[in-house]
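Here the protein sequences line up with chains A and B, keeping their order.
To get this note's numbering, take the position in the first sequence, counting from 1, and add 5.
To get this note's numbering, take the position in the second sequence, counting from 1, and add 238.
Any given hint could turn out to be false.
Derived lysine-lysine pairs resembling BS3-like cross-links, with alpha carbons at most 27 Å apart [said to hold, decoys possible]:
#1 375(B) / 43(A)
#2 205(A) / 294(A)
#3 435(B) / 108(A)
Everything labelled a hint here was simulated from the structure, so no lab data went into it.
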Amino acid sequence: MRTREPLSREAVVGLSLAGAYLLFTAIFWAYPFFWLAKLSVTQWRFFDEPVFTGARNLLTTLQDPQFLQALWNVVRFLAFYLPIAFGGALIVAFGLRHVGRGKGFVALCFLLSNVSSGVALSLVFAKVFSSTGPFNTMLFDNFGVRVPWTNDPTLAMLAIALVVAWKFVGYYGLILYSGLLAIPKEIYDAARLDHAGPWKRLTRITLPMMNPQLMMVLTFAILVSFGLFTEPFIITGGGPADSTATPQMMIYETAFRRLQPSHAAMMSILVALVTYALVQLARRLFERKVVLA
Amino acid sequence: MKAFLAKRSIGGWIATIAIYALALTWLYPFAWMVAASLKPAAQIYNTGLFEGDFTFDNFAFLLETADKLDRPFVGALGISALVTLTVTASVLLTSGFIAFALARMRFPGRKLFGDFLLLQMVIPTSMFILPLFVLIKEMGLLNSLWALILPSMMSGWGIYMMSQSFRTMPEEYFDAARLDRASLWQTVTRIVVPLNKSIIAIVALFTFTGTWDNFLWPLIAISDTDRMPLSVLLATFSKQYGGYAGPVMAGAVLQTLPLVLLFLLFRRHFLQGMSLSLK
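Kindly produce the complete structure, drawing on both the sequences and the hints.
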């Protein structure tokens with residue numbers, strides 16, 4: 006057997022740099038990962054010794070009506086969020102292409118909500134949507150109605166969806182815009198020769214050609230909806246009657262208010278699995294390979 | 239310019255105006271927040287956006303009087319700044335060098351390391367909040383600033399994003415550096431950093447924003463009001479003293495201001511880097 010060549014200086018430096026990150030990851034990522042797995046199959050209350058209970062956490066979590074309600078709330082959220090976010094993002098994308106010169110300014114206006122503070126703006130929206138807030142004043146002055154945004158389960162969810170969409174539409178729009186730019190002009194010229202109208206060009210060329218970007222937005226939207234915490238926590242506090250409680254809020258409540266970390270660990274794992282499954286399902290249903298012939 | 243004007247029909251002009259109007263509407267919550275923070279409590283809900291007797295009383299209340307209600311906002315601002323600057327500096331420094339190793343140095347296991355970073359990014363971080371709490375508790379760091387700083391000192395995402403950008407640099411730069419016997423430090427700071435400003439600005443901006451505006455983790459890890467960052471202190475203040483709408487909005491302005499300023503300052507790099515990260 007040949008003796009191994011000694012590592013070059015470059016390899017030693019490279020290995021130690023990568024090693025520094027791996028050490029960090031072992032402490033703050035791998036070790037918590039191990040704890041999560043351990044917690045999910047034991048009974049523990051922060052102070053005592055964990056007792057192995059096997060699948061009991063899984064069974065209680067699957068039968069926990071509040072947890073199931075929180076998962077269902079994500080579906081209700083998506084039902085409002087997806088149409089608003091996709092509609093808004095398409096308007097932003099087509100708008101950016103349309104305005105030409107003022108593109109930078111328009112993009113900045115829409116992006117500012119994405120990079121600014123979620124905590125601060127949630128506090129602002131809690132006031133904007135309140136019964137005497139400016140949104141209701143505007144509705145009352147123009148249409149003579151006041152909308153009880155935070156007292157009705159469906160309206161409260163709509164309000165959360167509007168706030169989150171306001172935050173992300175600019176970002177999604179920019180993603181779609183980059184897809185729009187990548188479509189070759191020749192395709193449209195050919196379509197015009199075939200007398201394809203604007204609607205046909207949109208549904209047969211533009212949207213199918215933007216499939217990768219649309220899929221990216223859909224994936225981001227699903228990830229955002231399962232990760233929701235700050236907005237519902239501050240604006241509605243999960244109410245009325247748990248109708249806007251999200252899985253992240255349930256995990257927080259269960260672990261740190263009801264002091265059942267084992268139960269909450271099982272929830273974290275299940276939420277991650279459901280998120281992954283939904284993303285995969287969406288890709289199965291809607292992903293198309295875009296091939297330029 | 240003539241062609242530019244001629245190309246637009248009346249419908250085109252209406253669309254252009256509508257888009258600008260929509261873009262400005264998007265800024266309305268910011269405008270309302272600033273206006274409310276400058277108005278006396280009695281006028282917040284019943285005056286127009288630009289009407290009312292504007293004063294700085296809400297800010298004075300927040301920074302001076304709230305202290306007596308056990309809500310030390312000046313301290314919270316300092317804590318937010320300290321934690322955010324430390325984390326951002328640490329992430330930039332470590333990501334820069336580790337990304338350079340990943341993109342440009344030959345060492346065994348390099349490809350595996352890259353794949354591992356990708357795998358890490360797929361797993362949602364929200365899963366780790368609870369076990370991270372257990373870890374920080376075991377380390378005896380709960381309720382200390384280290385709980386906010388240590389877990390965020392390196393970023394797999396930052397390493398990955400920077401390495402993607404470093405990879406596209408022409409090899410000639412590094413041949414020249416090798417001929418000049420440049421050290422690792424010199425190669426990274428003199429050659430790599432100046433040529434990858436956009437991606438570094440992006441990583442800096444997102445790390446800064448993410449740390450400054452982090453809410454769930456400090457909410458769990460910190461329980462003493464005099465060690466809370468601004469985001470959490472503001473939310474608990476709002477929950478307990480919801481009637482003080484003016485001071486809450488003043489706090490919201492303080493929480494938003496650094497992020498908006500940074501965004502406007504780095505806007506060119508940001509828009510460039512966005513299209514880079516989307517490809």
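Going down the list of hints, with the structure as the test:
1. 375(B) / 43(A): Roughly 16 Å separates the two Cα atoms, so the pair holds.
2. 205(A) / 294(A): At roughly 20 Å apart (the allowed maximum being 27 Å), residue 294(A) and residue 205(A) satisfy the hint.
3. 435(B) / 108(A): Holds, at about 22 Å.
The structure agrees with every numbered hint stated previously.
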